[in-house]
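J.: So the chains spell out like this:
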Amino acid sequence: MKYLWYIALTCLFILLVWIDLPENYRLRFSLGSRTVDTVLNPLSLDTNIYGWRLKKEFVTKYGLDLKGGSHLVFETDMSKLLSSDIPDALNSSKDIIERRINFFGVSEPLVQTIKAGDKYRIIVELPGVKDTDQAIGLLGKTANLNFREQLKFNIPDEGTVSANRIYFNPESKLKGADVKKATVTFDPNTGKPQVALSFSKKGTQIFADLTTRNLNKPIGIFLDDDIITAPTVQQPILDGNAVITGQYTIDEARQLAVAINSGALPVPIKLIEQRTIGPTLGAVEIQKSVYAGGIGLVAVALFMILNYGRLGVIACAGLIIYGLLSLALFRLFSITLTLSGVAGFILSIGMAVDSNILIFERIKEEKRKGRNHETAVRLGFGRAIDAIKDANFTTLLVAFILFNPLNWEFFPQLGLIKGFALILAVGVLVSLFTGVVITKKLLQIFYKK
Amino acid sequence: MINFLRYQRLYFLISSVVIVAGLFSIFTNGYKNSIDFSGGTILQYQTSRQVDVSSLSERLKTQKLNVVEQEIRGKNLTLKFEALTTAQEKIVLNELKKDAGSVTILRAETVGATLGKETIAKTVTASIVAILGILIYLTLSFKSVKFAVSAVVALLHDLLVMVGGYSIVSYFFGAELNTLFVTAILTTMSFSVHDTIVIFDKIREYRISKSEDIVLSANRAVTETIIRSVNNSMTIAFMLLALILFGGSTIRFFIVALLIGTLTGTYSSPFVATPFLVWLEKRKK
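Just so you know, the sequences run in chain order A and B. Heads up: the first sequence begins at 108 in the working numbering, then just goes up one per residue. Heads up: the second sequence begins at 1329 in the working numbering, then just goes up one per residue.
Some clues are possibly wrong.
Stated by the list, open to error - For each label pair, taking beta carbons as the anchor points, the in silico distance ranges come out as:
| # | chain 1 | residue 1 | chain 2 | residue 2 | range |
| --- | --- | --- | --- | --- | --- |
| 1 | A | T117 | B | V1543 | 45 to 53 Å |
| 2 | A | K324 | B | Q1391 | 48 to 56 Å |
| 3 | B | L1338 | A | H480 | 49 to 57 Å |
| 4 | A | K548 | B | E1533 | 24 to 32 Å |
In short, the hints are calculated from the structure, not lab data. Just so it is clear, the structure is predicted and the values come from calculations on it, not from any experiment. C-beta atoms are modelled at their ideal positions from N, C-alpha and C, and glycine is treated no differently.
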C-alpha cells in the first residue's frame, strides 16, 4: 500500500513536470564526455481512444497584456430600433465584426456582447494586431448591405475560371435600409429551413422592379462588398415578402439571416475604450514577474525550513507540487494568464503555505498536550482542516463574485478582474487539494518520529 | 498565555490613528485618478533618443492636444491626455517621431468617461454582496451572528485602512486609483476574514469544550494563533515584497495595495475582531 503511494506520487510528479515544461526551450549541457542537446516541449496529446479523438496541447495561453494586442470596446446605438429587434440587431453587429476580423487573419480573436443597464456593448480582443487604427476603422464602420443586378455582359475570357463567374453591377438601388428584417422560417410544404425577407414600403417597390426585370436571373446580395448569397429570381415579388430557399441547414439559414440583418438593422457603433499593448512591454513584465516570483518562493522556502525544520522541507515539497499542479491546470483548461492573474497566482501561493502552517502549528500544539507522535499528526490534521475549509470558502466566495460567471450586469464584467479571480479560485482549490491530500501523504511517509 | 485583551485601548488608538490619517488624506488629497475612472488616453512609447517633452507638448498644444501628465523613465515616455481619437493619436506619434527617431508603441489606452462611474457602482454592489455572503456563511458555520458580525467589523476596518492608506500612497508616490485597486480591496476582504476565522475557530472550540469565560477563551485563542498569523502574513508579505521590488511596473501599486491589505488583515483579526466579539458577548449579560 505504501509503495503504491510512492509510485502514484512519482507518476503524478513526472506527469506534471512534463505538462509544465517550457515551450521550445533548448537544453544544452555537457555531462562528462556526453553532450546533451535537445529542444524541450510540453506534453501534447493527439490520440484516438475508442473513437474519441483526444487532442490537447499543453501550452500557456497569455492575455493581451502579456503578449500584446488590442482590447476594444464599442458602444452600440440602438436608439433607432424597435426594442423587439434589439437582440437580433446586436447579434448581427457581433457577426459582422467577426466577419471583418477574419479579414485580418487574427488568431484567436474574441468578440463578445455585454449589456450594461440599457447600453449594449461589444468587446473585441485582437491579439497581436499591428495596425490598430486600421482595425478600428474597419470594425467601426456601419454594415453596408445591398442587392445587385447581374451585369449585362459576361467577361469573355473563355477557358479561364473567371469566365464562369457571374459579375454584378456594384451600382445598386436596393440598400440595407430598405430591408425591414430577415428571419428563418420553414417551407410549409417541405419543412426545409429558408430565409424570409420583408421590405419597407420603398423597398417593396424597388424590389418589385428588380425581380420583374431579373426573372430567372440571379440577384447578388452583398455585405461590405462581399457576396453572401445570390439567389435566382423565380417569380416577380410584388408584395415585399420574399423567401430565399436553398439546400440550407438550420444553421446556415440562421447565419444568412444574421448576415442580412446586420445590414437591415444597422447599428452604428462608437469606440469607447481602447487598450493596445505592444508586444515588448508584456514580454518584459512577464520576465520580471517570473523573476520576482522565483525570489519570493526562495524566501518563503527558506523561512519555512528555518522555522519548521523537517516539516518545512515537507511544506516546500508540497508547495512545489502545488505550483506544478496549478500551472498544469491553467494549461489543461486553457486559462488565460494575465498580469493580474500572475499576481493572483503568487498570492495564492502565500495562501497555500498558510494551510501548511495551520496544520503544523496544530500538530505542535497537540504534541505539547503530551500526545504521541502519530496521534498528534492525526488530530492536528483533523483540527486544522475545519479552519482551512471555512477560511478558503470565503476566498472562493469573493473569487466567484469577481469572476461573475453568469455575466450579471450589476457585478464587474472586466476581463482584467475576471482573470485574477479565476486564477485565485484555481489556486485556492489546488491549495486545498495539496494541503489536504498531498501534504498529508507526505507527512505520513516522511515525517516519522 | 498572554493577556492580549488588556491592551484594547492601545489597539483602538492605533486603528483610529491609521484610519483617521487615511480619511484625512482622502478628503484633502483624494486620489490620483487613472483613466479607468476619469476617462482619458495614456500613450507609452519607447524611443531611441531622449526626447524634450516640453517642446513636444508645446507643439501638440498648437494642435489642440493638451498633455495632462508626462513621465520619462530612461527611454520610456508616458503621456496622458483627455480622451483622444485614433486620428489624434496618430498626430502625437508623428510629432514624437520628429524628435525621437524610431519609436515603438508600448501601450495606447483610451477609456470613455462614462465607463468609470459604472465600474465604481458595480464594485460597490459586488462588495456589499460579498459582505452579505460572508455574514450568512459565518452565521451558519459558527451558528452565531456575533461571530459573523465581529468578522465583518474587522473587514470594514481593513477596508477603511486600505482606501485611506492607498490615498496616502497616491499622494506620496503617485499611485493611481484604477480597477486593479478594486480587485485588491476585494481580495483583502477575503483574506481578512480568512485570518479572523482561524482565531474564531479556536474560540469556538474552547467555548464548546469548556464553556469558560469569553475573555479567557479569546486570550488563549489569540496567544495560540498569533505565531501562525505572523508567520503566515510574513510568507505572503515576502511574495508581495519580491513583486514590488523586482516585478514589473504595471502592477506595482496593485501589489502595494495587496501588501497594505495583508498587513491590516493580519492585524485586525486578533486586535479588532476578537475584542469586538468579546464586547458583544459580554454585553448580553
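J.: All hints, please: hold or fail.
T.: Now the hints, each set against the structure:
Range check, T117(A) to V1543(B): Cβ separation about 51 Å, and the 45 to 53 Å hint holds. Between K324(A) and Q1391(B) the beta carbons are some 54 Å apart, a value that agrees with the proposed interval 48 to 56 Å. With their beta carbons about 40 Å apart, L1338(B) and H480(A) fall outside the hinted range of 49 to 57 Å. For K548(A) and E1533(B), the hinted distance range of 24 to 32 Å is satisfied, since their beta carbons lie about 26 Å from each other.
Comparing the model with each numbered hint stated earlier shows that hint 3 is the single one that does not hold.
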